[in-house]
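So the sequence lines, in the order shown, correspond to chains A and B. Under the working numbering, think of the first position of the first sequence as 1, with each following residue one higher. Under the working numbering, think of the first position of the second sequence as 1001, with each following residue one higher.
Any given hint could be a false lead.
[Said to hold, decoys possible] Just the calculated beta-carbon pair ranges, DEER-fashion:
hint	chain 1	residue 1	chain 2	residue 2	range
1	A	Thr83	B	Asn1038	24 to 34 Å
2	A	Ser67	B	Thr1077	22 to 32 Å
3	B	Glu1015	A	Thr15	24 to 34 Å
4	A	Ser80	B	Asp1066	39 to 49 Å
5	B	Pro1008	A	Met27	47 to 57 Å
6	B	Asn1030	A	Glu56	14 to 24 Å
[Stated by the list, open to error] Listed next, the in silico BS3-like pairs over lysine-lysine satisfying Cα-Cα at most 30 Å (straight line):
hint	chain 1	residue 1	chain 2	residue 2
7	A	Lys57	B	Lys1026
8	A	Lys55	A	Lys71
9	A	Lys3	A	Lys53
10	A	Lys71	A	Lys18
11	A	Lys3	B	Lys1056
12	A	Lys18	A	Lys3
13	A	Lys53	A	Lys70
14	A	Lys55	B	Lys1056
15	A	Lys3	A	Lys13
16	A	Lys57	B	Lys1070
17	A	Lys18	A	Lys55
By construction, these hints were calculated from the structure, which means they are not laboratory data. Idealized CB from N, CA, C, for every residue including glycine.
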Amino acid sequence: DVKVTQSSRYLVKRTGEKVFLECVQDMDHENMFWYRQDPGLGLRLIYFSYDVKMKEKGDIPEGYSVSREKKERFSLILESASTNQTSMYLCASSLLGRGLEETQYFGPGTRLLVL
Amino acid sequence: SQQGEEDPQALSIQEGENATMNCSYKTSINNLQWYRQNSGRGLVHLILIRSNEREKHSGRLRVTLDTSKKSSSLLITASRAADTASYFCATVRSGSARQLTFGSGTQLTVLP
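All chains should be built: construct the whole structure from the sequences, respecting the hints.
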């Protein structure tokens, strides 16, 4: 079974702090994704990566950056946390398959509160 | 704009009843996927239906796809309290083989 883990389930940070959210997958997947989920807004893609050291912006990259130094690890960085970044953050991975049938496997989520 | 929109936003039923959720989308697709999310947890993939398929079954789940109407439905038969969760449809974004667009979800509550 694919396992996607996230470094923290709950996180409380202060405005202006630099925040690191870590995600690790154990199935040698090429693609990794970071989403945020807010009530009424569904899942919104922040960044994704399809290979080591590769990254692409999603729908809402502002205020975030990412790092993928190893295939299994994808980090989301909030350079200077703000209260509007309080949210549930979900990491996902998928295999670069054929036929556009890419199921995504999700981590348990990190609920971040920025005070 | 949302590629997938689920309907209804919330659904409450008694245990043993069937639950039907609908999803509409806007552009052509290669496949459509349904995911489930328990409260405060990550999403779990349930089922994928290809654009050339009209119906697919998996256990108590039945998914239909009507590409002419750009819609899909998820039916959960003989629901259980443990089916209480949010259900999302997702489609592959046009021009991207990797990215999925998720709808805003249907919150299903199954009352014991």
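Hint-by-hint comparison with the structure:
| no. | hint | result |
| --- | --- | --- |
| 1 | Thr83(A) to Asn1038(B): 24 to 34 Å | 27 Å, holds |
| 2 | Ser67(A) to Thr1077(B): 22 to 32 Å | 45 Å, violated |
| 3 | Glu1015(B) to Thr15(A): 24 to 34 Å | 45 Å, violated |
| 4 | Ser80(A) to Asp1066(B): 39 to 49 Å | 47 Å, holds |
| 5 | Pro1008(B) to Met27(A): 47 to 57 Å | 35 Å, violated |
| 6 | Asn1030(B) to Glu56(A): 14 to 24 Å | 20 Å, holds |
| 7 | Lys57(A) to Lys1026(B) | 22 Å, holds |
| 8 | Lys55(A) to Lys71(A) | 12 Å, holds |
| 9 | Lys3(A) to Lys53(A) | 21 Å, holds |
| 10 | Lys71(A) to Lys18(A) | 23 Å, holds |
| 11 | Lys3(A) to Lys1056(B) | 26 Å, holds |
| 12 | Lys18(A) to Lys3(A) | 27 Å, holds |
| 13 | Lys53(A) to Lys70(A) | 8 Å, holds |
| 14 | Lys55(A) to Lys1056(B) | 35 Å, violated |
| 15 | Lys3(A) to Lys13(A) | 27 Å, holds |
| 16 | Lys57(A) to Lys1070(B) | 28 Å, holds |
| 17 | Lys18(A) to Lys55(A) | 20 Å, holds |
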